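If you want the building blocks of each chain, they are given just below.
There are 4 protein chains.
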Amino acid sequence: MSDELIKLRDRLREFARVRDWDQFHTPKNLSMALIAEAAELVEHFQWLTPEQSRDLPPEKLAAVRHELADILVYLVRMADKLNVDLLAAAEKKMAINERRYPAGKVRGDARRAAEYDSRAPSE
Amino acid sequence: MSDELIKLRDRLREFARVRDWDQFHTPKNLSMALIAEAAELVEHFQWLTPEQSRDLPPEKLAAVRHELADILVYLVRMADKLNVDLLAAAEKKMAINERRYPAGKVRGDARRAAEYDSRAPSE
Amino acid sequence: MSDELIKLRDRLREFARVRDWDQFHTPKNLSMALIAEAAELVEHFQWLTPEQSRDLPPEKLAAVRHELADILVYLVRMADKLNVDLLAAAEKKMAINERRYPAGKVRGDARRAAEYDSRAPSE
Amino acid sequence: MSDELIKLRDRLREFARVRDWDQFHTPKNLSMALIAEAAELVEHFQWLTPEQSRDLPPEKLAAVRHELADILVYLVRMADKLNVDLLAAAEKKMAINERRYPAGKVRGDARRAAEYDSRAPSE
Chain Y
122 MSDELIKLRD RLREFARVRD WDQFHTPKNL SMALIAEAAE LVEHFQWLTP
172 EQSRDLPPEK LAAVRHELAD ILVYLVRMAD KLNVDLLAAA EKKMAINERR
222 YPAGKVRGDA RRAAEYDSRA PSE
Chain Z
122 MSDELIKLRD RLREFARVRD WDQFHTPKNL SMALIAEAAE LVEHFQWLTP
172 EQSRDLPPEK LAAVRHELAD ILVYLVRMAD KLNVDLLAAA EKKMAINERR
222 YPAGKVRGDA RRAAEYDSRA PSE
Chain B
122 MSDELIKLRD RLREFARVRD WDQFHTPKNL SMALIAEAAE LVEHFQWLTP
172 EQSRDLPPEK LAAVRHELAD ILVYLVRMAD KLNVDLLAAA EKKMAINERR
222 YPAGKVRGDA RRAAEYDSRA PSE
Chain W
122 MSDELIKLRD RLREFARVRD WDQFHTPKNL SMALIAEAAE LVEHFQWLTP
172 EQSRDLPPEK LAAVRHELAD ILVYLVRMAD KLNVDLLAAA EKKMAINERR
222 YPAGKVRGDA RRAAEYDSRA PSE
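Chains as they are written, first to last, in the numbering used here: chain Y, 122 to 244; chain Z, 122 to 244; chain B, 122 to 244; chain W, 122 to 244.
One should not assume that every hint holds.
[As the list claims (entries may be wrong)] Calculated cross-link-like contacts (lysine-lysine; reagent style DSS-like; alpha-carbon spacing at most 30 Å):
hint: 1; chain 1: W; residue 1: K213; chain 2: B; residue 2: K202
hint: 2; chain 1: Z; residue 1: K213; chain 2: Y; residue 2: K226
hint: 3; chain 1: Z; residue 1: K202; chain 2: Y; residue 2: K128
hint: 4; chain 1: Z; residue 1: K181; chain 2: Y; residue 2: K181
hint: 5; chain 1: B; residue 1: K213; chain 2: W; residue 2: K128
hint: 6; chain 1: W; residue 1: K213; chain 2: B; residue 2: K181
hint: 7; chain 1: Y; residue 1: K226; chain 2: B; residue 2: K226
hint: 8; chain 1: Y; residue 1: K181; chain 2: Z; residue 2: K128
hint: 9; chain 1: B; residue 1: K128; chain 2: W; residue 2: K181
hint: 10; chain 1: B; residue 1: K213; chain 2: B; residue 2: K226
[Claimed, not checked] Pairwise CB distance ranges, derived in the manner of DEER restraints:
hint: 11; chain 1: W; residue 1: R232; chain 2: B; residue 2: T170; range: 31 to 41 Å
hint: 12; chain 1: Z; residue 1: E172; chain 2: W; residue 2: R138; range: 44 to 54 Å
hint: 13; chain 1: B; residue 1: D141; chain 2: Z; residue 2: A216; range: 44 to 54 Å
hint: 14; chain 1: W; residue 1: E172; chain 2: Z; residue 2: G225; range: 24 to 34 Å
hint: 15; chain 1: B; residue 1: N204; chain 2: Y; residue 2: E212; range: 40 to 50 Å
hint: 16; chain 1: W; residue 1: Q173; chain 2: Y; residue 2: D176; range: 39 to 49 Å
[What the hints assert, rightly or not] A few chain Z residues that face chain B, going by a derived Cβ cut-off under 7 Å, partial list only:
hint: 17; residue: F136
hint: 18; residue: A154
hint: 19; residue: A160
hint: 20; residue: V163
hint: 21; residue: E164
Hints were generated in silico from the structure; no laboratory data involved.
Note that the structure is a prediction, hence the values are computed from the model and not measured.
Backbone N, C-alpha and C fix where the C-beta goes; we use that ideal spot for every residue, glycine too.
Based on the sequences and whatever the hints tell you, model everything.
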């Protein structure tokens with residue numbers, strides 16, 4: 122894990138400790154807090170065209186930056202509670218993705234992962 | 122930004138480039154992909170008690186580790202597309218949170234942020 | 122509440138009863154199940170253009186129909202557990218929305234509700 | 122479809138028409154709005170114990186009622202845009218669920234659907 126992520130993790134530990142919030146930070150609850158933040162991100166983009174979403178006005182970008190930060194905060198907190206090394210997990214996952222979606226097979230074609238895997242659509 | 126996050130960002134850039142997937146990676150679309158991954162995380166915890174969520178069996182923890190990785194992947198990708206420095210944003214946000222929730226005022230009391238701020242509940 | 126929604130509610134009660142699943146159906150857990158279904162819906166649309174999303178191929182539409190059904194199922198179940206009359210709540214909410222977004226003021230202009238209300242952007 | 126849901130659908134059509142908001146109501150955008158509302162629901166429950174979530178204080182229940190209404194509103198709107206009969210879809214889905222989770226097999230045991238189906242955990 123990178124030094125900066127460790128620093129952030131420790132800051133979050135201390136933040137929770139002095140507020141006595143550890144009792145609320147079960148992985149279950151943190152997964153809810155994380156998706157609530159992800160939804161605040163989505164909300165910023167819901168009525169925008171794809172093009173508008175690439176080119177946000179400064180005040181909207183500032184708000185989006187806060188939402189991205191909130192997601193990282195809960196992600197680091199959750200990984201800490203579950204003893205997961207986020208960066209190691211991401212590297213491992215990318216190695217899987219690189220094999221799973223061979224460039225020659227999927228170029229320019231974005232489907233849901235489930236569709237590439239030709240599982241039956243979930244009912 | 123940390124060296125490791127830069128390395129991950131660059132790996133994701135290359136992953137998208139060779140697959141010609143940049144065309145799909147608008148911030149709007151990435152916000153959708155991110156919340157879909159956050160929901161896969163939530164799904165692992167939805168029927169668990171808080172206690173069970175702290176103590177996952179190994180195969181479930183392995184699956185959860187993949188979901189956390191997926192969230193980090195889309196978070197880093199989205200931040201890249203919007204030129205946001207995730208770690209700087211998180212530090213700035215934590216400074217806000219530390220002022221916004223003074224330990225003496227909120228100790229042991231978890232409410233929604235909106236409730237502390239005594240805004241009217243959103244309708 | 123409409124007869125058909127009552128019929129669905131009763132079918133869901135029976136479904137949970139014979140499986141002894143009531144113990145899992147706390148409002149907290151149901152809110153998680155509901156958002157997980159909403160995310161499966163989002164996943165179908167994440168890489169589509171707005172235009173493509175209006176004109177789904179038949180097999181994708183069939184899958185989307187199942188997701189919409191899942192959302193309704195958990196919504197009805199949750200409302201039942203909280204003794205909420207969904208249709209009455211929706212009518213009350215639409216009366217609020219009609220006053221809150223006067224046609225003359227918002228015509229052709231979609232922002233986030235929070236932006237119309239000119240609250241400060243949430244941090 | 123029930124008369125009351127048709128009435129709500131028609132009210133939403135008129136609501137969008139007079140505001141010229143149909144242009145924003147692509148299925149893609151509506152799926153985002155729907156999950157954002159689902160997340161507002163989740164947010165009410167994120168720090169509650171399962172027991173607390175069953176027994177909400179009146180003002181919180183009133184707020185939750187509004188969130189449930191918002192979800193129904195976007196669900197009905199989305200079904201309208203895709204020509205889906207929500208109640209027929211839910212009945213069809215419940216018939217599938219009743220076969221898929223035989224009471225004798227799953228009694229008292231809540232897992233993720235994917236786990237019952239003994240698919241490999243999604244990577």
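Each hint, compared with the structure:
Pair hint K213/W plus K202/B holds up; C-alpha atoms about 23 Å apart against a cutoff of 30 Å. The hinted pair formed by K213/Z and K226/Y fails the criterion: a straight-line CA distance of about 42 Å is larger than 30 Å. For the given pair, K202/Z sits about 25 Å from K128/Y by alpha-carbon distance, which is consistent with the 30 Å threshold. Straight-line distance between C-alpha atoms of K181/Z and K181/Y comes to about 38 Å, which puts the hinted pair past the 30 Å bound.
Straight-line distance between C-alpha atoms of K213/B and K128/W comes to about 14 Å, which keeps the hinted pair within the 30 Å bound. Annotation: proposed proximity of K213/W to K181/B holds, straight-line Cα distance about 16 Å (limit 30 Å). Restraint check for K226/Y and K226/B: the C-alpha separation of about 50 Å exceeds 30 Å, so the hint is violated. Distance check on the hinted pair: K181/Y and K128/Z sit about 28 Å apart at the alpha-carbon level, within 30 Å; holds.
With a C-alpha separation of about 28 Å, the suggested pairing of K128/B with K181/W holds against the 30 Å cut-off. Pair hint K213/B plus K226/B holds up; C-alpha atoms about 21 Å apart against a cutoff of 30 Å. R232/W and T170/B have their C-beta atoms about 36 Å apart, which keeps the hinted 31 to 41 Å range intact. The given range of 44 to 54 Å is respected by E172/Z and R138/W, whose C-beta atoms sit roughly 51 Å from each other.
For the pair D141/B and A216/Z, the beta carbons lie near 49 Å from each other, so the given range of 44 to 54 Å is met. The hinted range of 24 to 34 Å is satisfied by E172/W and G225/Z, whose Cβ atoms lie roughly 28 Å apart. In this structure the supplied range 40 to 50 Å holds for N204/B paired with E212/Y, their Cβ-Cβ distance being about 49 Å. Evaluation of the 39 to 49 Å hint for Q173/W and D176/Y yields a pass: the beta carbon distance comes to about 43 Å.
Look at F136/Z: its Cβ only gets to about 15 Å from chain B, farther than 7 Å, so that hint breaks. Because the closest C-beta pair between A154/Z and chain B is about 5 Å apart, less than 7 Å, the hint holds. Interface hint status for A160/Z: upheld, as the beta-carbon distance to the closest one in chain B is roughly 3 Å, under 7 Å. Hint on V163/Z holds. Least Cβ distance to chain B is approximately 5 Å, under the 7 Å limit.
Annotation: E164/Z was flagged as interfacial toward chain B, and the flag holds, the nearest CB pair being 4 Å apart, inside 7 Å.
The structure shown violates the earlier hints numbered 2, 4, 7 and 17.
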